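**Q** Residue numbers (the UniProt record's numbering), protein chains in the order written: chain A, 1 to 113; chain B, 1 to 113; chain C, 1 to 113.
Keep in mind that the hints were calculated from the coordinates and are not lab data.
A hint or two may mislead.
For chains that are exact copies, the list does not tell them apart, and a pair is met inside one copy or across any two.
Subject to a maximum C-alpha distance of 27 angstroms in a straight line, what follows is the list of computed DSS-like cross-link-like pairs (lysine-lysine) [stated by the list, open to error]:
{"no.": "1", "residue 1": "Lys18", "residue 2": "Lys73"}
{"no.": "2", "residue 1": "Lys73", "residue 2": "Lys41"}
{"no.": "3", "residue 1": "Lys73", "residue 2": "Lys86"}
{"no.": "4", "residue 1": "Lys18", "residue 2": "Lys86"}
{"no.": "5", "residue 1": "Lys86", "residue 2": "Lys41"}
Quick caveat: nothing in here was measured; it's all calculated off a predicted structure.
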Amino acid sequence: MAKLVTAVIKPFKLEDVKGALSALGIAGLTVSEVQGYGRQKGHTEVYRGAEYQVDFVPKVRIEVLVDDIDAAKVVDSLVAAARTGKIGDGKVWVTSVDEVIRVRTGERGLDAL
Amino acid sequence: MAKLVTAVIKPFKLEDVKGALSALGIAGLTVSEVQGYGRQKGHTEVYRGAEYQVDFVPKVRIEVLVDDIDAAKVVDSLVAAARTGKIGDGKVWVTSVDEVIRVRTGERGLDAL
Amino acid sequence: MAKLVTAVIKPFKLEDVKGALSALGIAGLTVSEVQGYGRQKGHTEVYRGAEYQVDFVPKVRIEVLVDDIDAAKVVDSLVAAARTGKIGDGKVWVTSVDEVIRVRTGERGLDAL
Ligand SMILES: Nc1ncnc2c1ncn2[C@@H]1O[C@H](COP(=O)(O)OP(=O)(O)OP(=O)(O)O)[C@@H](O)[C@H]1O
Ligand SMILES: Nc1ncnc2c1ncn2[C@@H]1O[C@H](COP(=O)(O)OP(=O)(O)OP(=O)(O)O)[C@@H](O)[C@H]1O
Ligand SMILES: Nc1ncnc2c1ncn2[C@@H]1O[C@H](COP(=O)(O)OP(=O)(O)OP(=O)(O)O)[C@@H](O)[C@H]1O
Ligand SMILES: [Mg+2]
Ligand SMILES: [Mg+2]
Ligand SMILES: [Mg+2]
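Next comes chain A alone, as it looks inside the complex (with noise of 0.2 angstroms):
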């Protein structure tokens, strides 16, 4: 069935990444404001130039939902269009997803996607 592939990654990072799903044909995406830390919690990270000292920093949050058999190819894309290669270049993680729906057709499943 689908899985829903949640990323977490830098803020300007975002456009290189709906490119890179674009050119896989993903249809969709979710995306929020969240603000997060990671393993250097309390040591400083760079965001739009000012270094952050505190605790969070802004990143975006983005859903994808795919199906089963693209949600590889879908992860290690969105990982190499966000990485930058600086700390607090995000995290990516993949659940299972029992039913999708689209509302509009009441499609459901793969064909909701």
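Use these hints to put chains B and C with the ligands onto chain A, whose structure you have.
**A** Same frame as chain A, but now just chains B and C with the ligands:
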């Protein structure tokens, strides 16, 4: 056990969805503001009377924890309430939850809903 | 593998929860602003000294990816830190994660946490 029903819908449909869930006796709900696109990325979608040429359209993300047994009717009811018949109506997905805890009482499982 | 612990709590309890998780050596955290209601929808709930008659009360949503083995103690500790004993203290749920990737290094699985 419990299921998590997540829906990304048109913001003006939130009240209808809330009503539909209340009518089913659903006790709680979590809502956040997101942006997204579906299959018509790059085409226009109407939001508050304005046409969006942009990729990202404002949506509302809803999360509802429900008893496994109620999941199907919650989904049907939510989908019906969110539908306008126009593109961009939204996506709903269901995932399995291992454990739920009600913070105030420490109750677990279905009692925690 | 990994579990995802999601919590919707009172915003002023975020610092306590962060402290409790740090004390357990939890490396990262993602936070977003949400609104919600639980079982007392339509009744009042106090937020920043004001009584909310409205349905939606501002909450903070926390996501923590943890090693399976640590999930139970993370939940207990988070719940204890978030509790005030008053209504609206929040909900915590645990889901299973198929895969985690650390974007900068490409590490996978528990190494990625
Ligand atoms: N364990 C976690 N649980 C939930 N969210 C996390 C976790 N770790 C990181 N995040 C989220 O991902 C964002 C980016 O994390 P980050 O890339 O700093 O991870 P990291 O493991 O510290 O890797 P790096 O060493 O490359 O910085 C954080 O700001 C946070 O929002
Ligand atoms: N594959 C997806 N992954 C994650 N979120 C999605 C996905 N597809 C759609 N969404 C979210 O749902 C919202 C509404 O999607 P939308 O209803 O446009 O889907 P659609 O498949 O294009 O259906 P329609 O043809 O009726 O417009 C999007 O703005 C986005 O936030
Ligand atoms: N069934 C649910 N599904 C999704 N989110 C929920 C659900 N129930 C509660 N929440 C979220 O958790 C927040 C806090 O819920 P709350 O603590 O009021 O739950 P409760 O069961 O009413 O417990 P209490 O009696 O202690 O108030 C809500 O504002 C909402 O965001
Ligand atoms: Mg880091
Ligand atoms: Mg669409
Ligand atoms: Mg309540």
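**Q** Are the hints correct? Go through all of them and say.
**A** Tested hints:
1. Lys18 to Lys73: Result: close within a single copy only, 14 angstroms intra versus 34 angstroms inter.
2. Lys73 to Lys41: Close across copies (21 angstroms), not inside one copy (30 angstroms); limit 27 angstroms.
3. Lys73 to Lys86: Only inside one copy: Lys73 and Lys86 sit 23 angstroms apart there, 31 angstroms across copies, limit 27 angstroms.
4. Lys18 to Lys86: Both, since 20 angstroms and 24 angstroms are each at most 27 angstroms.
5. Lys86 to Lys41: For Lys86 and Lys41, the Cα distance is within 27 angstroms only inside one copy (15 angstroms; across copies 31 angstroms).
Violation of the numbered hints given earlier is absent; every hint is satisfied by the structure.
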